[in-house]
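K.L.:
Please build the complete structure, drawing on both the sequences and the hints.
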Amino acid sequence: DGGITQSPKYLFRKEGQNVTLSCEQNLNHDAMYWYRQDPGQGLRLIYYSQIVNDFQKGDIAEGYSVSREKKESFPLTVTSAQKNPTAFYLCASSMEVPAGIQYFGAGTRLSVL
Amino acid sequence: AQSVSQHNHHVILSEAASLELGCNYSYGGTVNLFWYVQYPGQHLQLLLKYFSGDPLVKGIKGFEAEFIKSKFSFNLRKPSVQWSDTAEYFCAVTMNTGFQKLVFGTGTRLLVSP
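Those protein sequence lines, which keep their order, are chains H and G. Anchor point for the first sequence: position 111 equals 111 in my numbering, and the numbering is continuous, going up by one each time. Anchor point for the second sequence: position 63 equals 1063 in my numbering, and the numbering is continuous, going up by one each time.
With a Cα cut of at most 27 Å, we get these calculated DSS-like pairs of lysine-lysine: (1) Lys-9/H with Lys-70/H; (2) Lys-57/H with Lys-1101/G; (3) Lys-1069/G with Lys-1058/G; (4) Lys-71/H with Lys-57/H; (5) Lys-57/H with Lys-14/H; (6) Lys-1101/G with Lys-1058/G; (7) Lys-1049/G with Lys-1078/G; (8) Lys-1049/G with Lys-1071/G; (9) Lys-57/H with Lys-1049/G; (10) Lys-1071/G with Lys-1101/G; (11) Lys-1058/G with Lys-1071/G; (12) Lys-70/H with Lys-1101/G; (13) Lys-1101/G with Lys-83/H; (14) Lys-1101/G with Lys-9/H; (15) Lys-1101/G with Lys-71/H; (16) Lys-1069/G with Lys-1101/G.
Covered, in the sense of this in silico footprint (three residues per stretch, anywhere, with C-beta under 8 Å from a C-beta of chain H), are these stretches of chain G: (17) 1043–1049; (18) 1104–1114.
Hints are computed from structural coordinates only; laboratory data are not their basis. C-beta atoms are modelled at their ideal positions from N, C-alpha and C, and glycine is treated no differently.
P.N.:
In structure tokens, the structure reads:
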């Protein structure tokens, strides 16, 4: 089946710890995205990548980092600098144009211990 | 900055009632418009989209939306809701300049009681 696979489904972070969320797609899409979903705030863009080895900050990039070494993979690291990391994280991909038609993974729920 | 407003945060309806969810955006240029839906325990998925042409667009499961350019609106409608329509609905917009970043509204939680 073609789609977006996010892992793990649930993740717990200790104080001062960096954690990495995985996102893999087999849709052969050029563009990939990371969003943070908080109740009542919709989806906010963290980072996006239009092509391998290139990525740009979204609206709330502070405390996060990404890499795009392979077309199918776009991992997100939540660093210790992110003081409020508890949220639902969604990964998506799209053909570059039209970028509005995005395909989403099932999400990772991150909580702080 | 571009923004998308969804005025109804929570909506509760009985089955067979009609639905209209409001969506307004702030951008004066050409836009592409979308409604995404997140059913409980499922992936966020595209419900319908508008790029150009007929401003009344039809999507999956009997949903439709009307683009009114003069009002900067893209309201979602369904004549008769079902219990299975219980979900969170997100309006989203891309601006037709440069990389088409998708900007989401805050979402509307719809609960349909049987």
